[in-house]
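2 protein chains.
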Amino acid sequence: MRERQSAAIVTIGSELVEGLRIDTNTAEIARDVSRFGFRVDEAISVGDDETVLADTLRRLVHVHPMVVVTGGLGPTHDDVTRDAAAAALGITMEADPALTAFLQPFLARHSDPRSAAQVLTQAFVLQGAEVLPPTNGTAAGQVVPTPAGSLVLLPGPPREMRPMLARVLDRFTPDRAEPRELGVTGLAESDVQHAAQTALAAFDGIQLTVLAKPGDVRVILLDDGAGEAALDRAANAIAAEVGAPCYSTDGSTLAETIVAEAAAREVTIAVAESCTGGLVAAALTDVPGSSAVFLGGAVTYSNAAKSRLLSVDPEDLKFFGAVSREVAQQMAEGALDAFGADIAVSVTGIAGPAGGSNEKPVGTVWFGVASRVGEGVDAQASVAWNGASREAIRARAASSALNLIRREVLKA
Amino acid sequence: MRERQSAAIVTIGSELVEGLRIDTNTAEIARDVSRFGFRVDEAISVGDDETVLADTLRRLVHVHPMVVVTGGLGPTHDDVTRDAAAAALGITMEADPALTAFLQPFLARHSDPRSAAQVLTQAFVLQGAEVLPPTNGTAAGQVVPTPAGSLVLLPGPPREMRPMLARVLDRFTPDRAEPRELGVTGLAESDVQHAAQTALAAFDGIQLTVLAKPGDVRVILLDDGAGEAALDRAANAIAAEVGAPCYSTDGSTLAETIVAEAAAREVTIAVAESCTGGLVAAALTDVPGSSAVFLGGAVTYSNAAKSRLLSVDPEDLKFFGAVSREVAQQMAEGALDAFGADIAVSVTGIAGPAGGSNEKPVGTVWFGVASRVGEGVDAQASVAWNGASREAIRARAASSALNLIRREVLKA
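Protein chains in written order, with this note's numbering: chain A, 40 to 451; chain B, 40 to 451.
Keep in mind that a hint or two might mislead.
[Unchecked claim] Chain A residues, not near chain B, derived (Cβ > 10 Å throughout):
1. Arg97
2. Ala137
3. Phe211
4. Asp243
5. Pro253
6. Asn275
7. Val338
8. Gly360
9. Glu365
10. Gly391
11. Ser396
12. Arg411
[Stated by the list, open to error] Some but not every residue of chain A turned toward chain B, in silico, with C-beta under 10 Å:
13. Gly52
14. Thr115
15. Asp117
16. Gln157
17. Thr212
18. Ser229
These aren't lab readings, by the way, just hints derived from the structure by calculation. Predicted model only: the values in this text are computed from it and were never measured. All residues carry an ideal CB built from backbone N, CA and C; glycine is no exception.
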């Protein structure tokens with residue numbers, strides 16, 4: 040393995056140093072450049088201040104062979120990156136004819152001539168720089184030669200930044216295999232960590248990171264000399280050690296796994312949601328191609344809607360309450376019928392902060408499963424996530440519902 | 040208003056520069072110190088590397104009156120902050136008797152004498168430093184005098200860091216009002232920026248930040264000497280200049296605004312979603328208290344579900360297609376009836392990547408509005424977001440649907 044060169048990442052925006060937004064670009068860029076022979080020594084956020092940014096860049100371009108900057112390339116007066124980079128390197132800028140032509144259609148959208156003039160600032164390119172054409176937006180990226188190597192200027196929005204970064208890194212040779220990422224649901228972070236460490240005892244040159252969010256744990260394996268084949272074997276060993284809660288070894292989300300498995304088995308899915316309020320349906324429909332397997336969902340917040348759309352017995356709603364085993368089961372059966380699906384899963388619970396009682400505290404959630412693929416109507420589960428926030432309860436309940444769908448799909 | 044002093048924030052951890060974890064401490068610390076007379080010029084993440092950290096601190100302690108460092112104060116060999124700070128300032132460390140005594144009970148937990156010795160590294164205090172006693176953990180914080188002011192060393196875990204930071208900032212006087220945040224939907228970022236600048240021309244001492252994501256623009260006003268009353272007047276002036284697309288001046292999301300306005304007017308809401316697949320319902324139900332106004336939603340991905348749940352005419356589905364003015368309108372009317380709501384909004388479109396045609400390209404979205412509060416059935420809109428990603432089309436369509444709901448609620 041060759042010596043790794045140092046890199047720095049700079050993210051720009053007053054909202055970052057004022058603490059109004061959390062920076063997610065740094066982590067993404069760090070993961071990518073780390074695979075292409077670079078070791079990220081520092082990641083810096085600075086405000087939309089040309090002087091501070093120029094000072095920062097002046098220092099970095101002499102130290103690091105790779106300096107990646109995101110943000111500040113848009114058309115507003117806050118966008119100071121081009122000017123700061125020119126000042127830091129002591130070079131000039133010029134309007135690029137191709138970029139100027141590209142920007143013409145966008146000028147017409149502005150009635151105010153000052154706004155139009157601002158749009159054209161995006162055509163300016165630093166002396167000697169290579170232009171990375173705009174992708175999913177109007178801002179171009181630039182690769183500028185520096186005393187130590189390269190300064191790469193990228194737009195801040197991730198969907199504009201990503202393809203340009205990929206284009207730049209294409210010129211370098213990866214010296215690490217891509218990280219492997221496993222998805223696990225329904226297990227605590229510490230249990231996943233323990234299982235992964237046990238499985239990894241037989242491997243060298245793999246760095247383990249376990250990251251948790253409500254209802255989902257990701258296991259990340261970084262190549263530290265082990266190579267592709269060993270990473271694959273390690274991922275499989277961890278999947279075997281974790282067992283059924285491990286739903287993917289290729290980085291897929293739980294919803295992506297469900298859509299792929301359901302498509303392969305030709306089974307259709309419907310959902311009935313109360314406390315998750317559409318999160319389960321939104322997760323499934325986020326997956327391209329989901330329309331082949333997902334027929335739809337009913338978000339029934341009111342009792343009347345549960346009865347009208349899902350044929351839940353109004354007497355049972357009164358007697359057992361909307362958050363109950365009986366109503367959960369009737370919701371699932373109602374969705375199975377209403378959508379004509381092979382599998383239907385329901386969620387009804389109390390996400391809070393209000394609505395809890397001694398008997399049914401905030402965090403109480405019932406799930407129902409109705410299915411034509413297994414042995415008819417299936418099991419139900421109740422979980423109480425006491426003390427969790429509304430957001431965490433909803434996220435965990437949505438993960439649990441997706442996991443019930445996954446288990447049922449795998450029976451087909 | 041006194042001159043603001045510059046500050047820097049340093050977060051330490053290899054997981055940050057390797058991109059395995061997103062840094063949330065920086066945003067939190069930045070918000071806090073910004074209100075107490077400091078202007079954060081730079082926020083830096085470095086790995087667990089003593090040399091790189093010492094170099095970074097050596098530069099910062101000569102420039103910034105306030106340097107806040109989090110992380111690297113624990114008992115493991117990865118915890119290099121104390122040593123790096125001593126090297127950067129050219130000072131020595133000494134074991135603090137009180138901290139040594141505090142750590143004794145923790146030594147017993149380690150059978151290995153080397154681990155025990157590591158625990159005691161947490162008792163070392165830099166020459167001339169003030170100790171911030173451990174809170175919710177075993178790591179002490181330190182306030183170290185520097186050439187430019189103070190170097191504040193804090194543990195990384197937020198629950199240990201927070202109370203110590205509060206104790207340090209207690210010595211300073213807040214000199215800024217809390218930021219104001221406005222929400223705007225249905226306008227381009229540059230138009231919002233222009234309107235905000237126009238309105239702000241009459242104000243001094245307010246710093247403007249405009250942030251955009253698909254379908255939503257946030258305008259943030261930072262106090263730079265203007266004070267509470269002027270910030271309120273400026274927020275109102277911007278709201279007036281932007282007009283109807285501005286939905287909040289108090290930081291509320293679009294969904295929060297809808298829930299609050301609908302509750303005040305006692306109107307109920309239902310939705311019918313196709314391409315947004317539950318995003319509209321999920322956004323509304325994310326708001327605590329939404330159950331008072333949101334009755335539910337139907338996510339009808341298949342044509343059969345559109346007919347069964349929302350009574351869309353199967354002949355019209357065949358003749359006009361699922362993505363059409365006629366079907367959008369019938370979906371809205373069907374949801375109004377099925378849920379017994381006062382207002383129902385529908386979305387049907389092609390989010391892609393597949394499913395587009397020449398006549399109806401990916402990005403074509405129809406909206407329907409049915410309402411008992413305005414003048415009966417309402418207008419519809421069609422938008423084609425050509426070239427946008429599936430994710431962006433879904434997000435924009437959901438924002439547009441929410442905005443249609445908001446406009447209808449405001450008629451009540």
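Evaluation of the provided hints:
1. Every beta carbon of chain B lies more than 10 Å from that of Arg97 of chain A, the smallest distance being close to 12 Å; the non-interface claim holds.
2. With a least CB separation of 19 Å from chain B, Ala137 of chain A remains clear of the 10 Å interface cut-off, as annotated.
3. Chain B leaves Phe211 of chain A outside its interface by the beta-carbon criterion, the shortest separation being 17 Å against a cut-off of 10 Å.
4. Once the 10 Å rule is applied to beta carbons, Asp243 of chain A is consistent with being away from chain B; the minimum gap is 19 Å.
5. With a minimum CB-CB distance of about 14 Å to chain B, Pro253 of chain A clears the 10 Å threshold, and the non-interface call stands.
6. At roughly 22 Å from the closest C-beta of chain B, the C-beta of Asn275 of chain A stays outside 10 Å, upholding its exclusion from the interface.
7. With 10 Å as the threshold on Cβ separation, the claim that Val338 of chain A sits away from chain B is violated: the shortest Cβ distance comes to roughly 4 Å.
8. Distance to chain B confirms Gly360 of chain A as a non-interface residue, since its nearest Cβ pair spans about 14 Å, more than 10 Å.
9. For Glu365 of chain A, the requirement that its beta carbon stay farther than 10 Å from each beta carbon of chain B is met, with the minimum near 19 Å.
10. For Gly391 of chain A, the requirement that its beta carbon stay farther than 10 Å from each beta carbon of chain B is not met, with the minimum near 7 Å.
11. At the 10 Å boundary, the C-beta of Ser396 of chain A stays outside the reach of chain B, the nearest C-beta of that chain being 15 Å off.
12. Look at Arg411 of chain A: its CB is around 16 Å from the nearest CB on chain B, clear of 10 Å, so calling it non-interface holds up.
13. Look at Gly52 of chain A: its Cβ gets to within about 8 Å of chain B, closer than 10 Å, so that hint holds up.
14. With a least beta-carbon distance of about 5 Å to chain B, the hint placing Thr115 of chain A at the interface is held under the 10 Å criterion.
15. Here the hint on Asp117 of chain A is kept, as its CB sits about 7 Å from the closest CB of chain B, short of 10 Å.
16. Among the interface hints, the one on Gln157 of chain A holds; its C-beta lies about 7 Å from the nearest C-beta in chain B, closer than the 10 Å criterion.
17. With its C-beta approaching chain B no nearer than about 19 Å, Thr212 of chain A sits outside the 10 Å limit, and its interface hint is violated.
18. Because the closest C-beta pair between Ser229 of chain A and chain B is about 16 Å apart, greater than 10 Å, the hint is violated.
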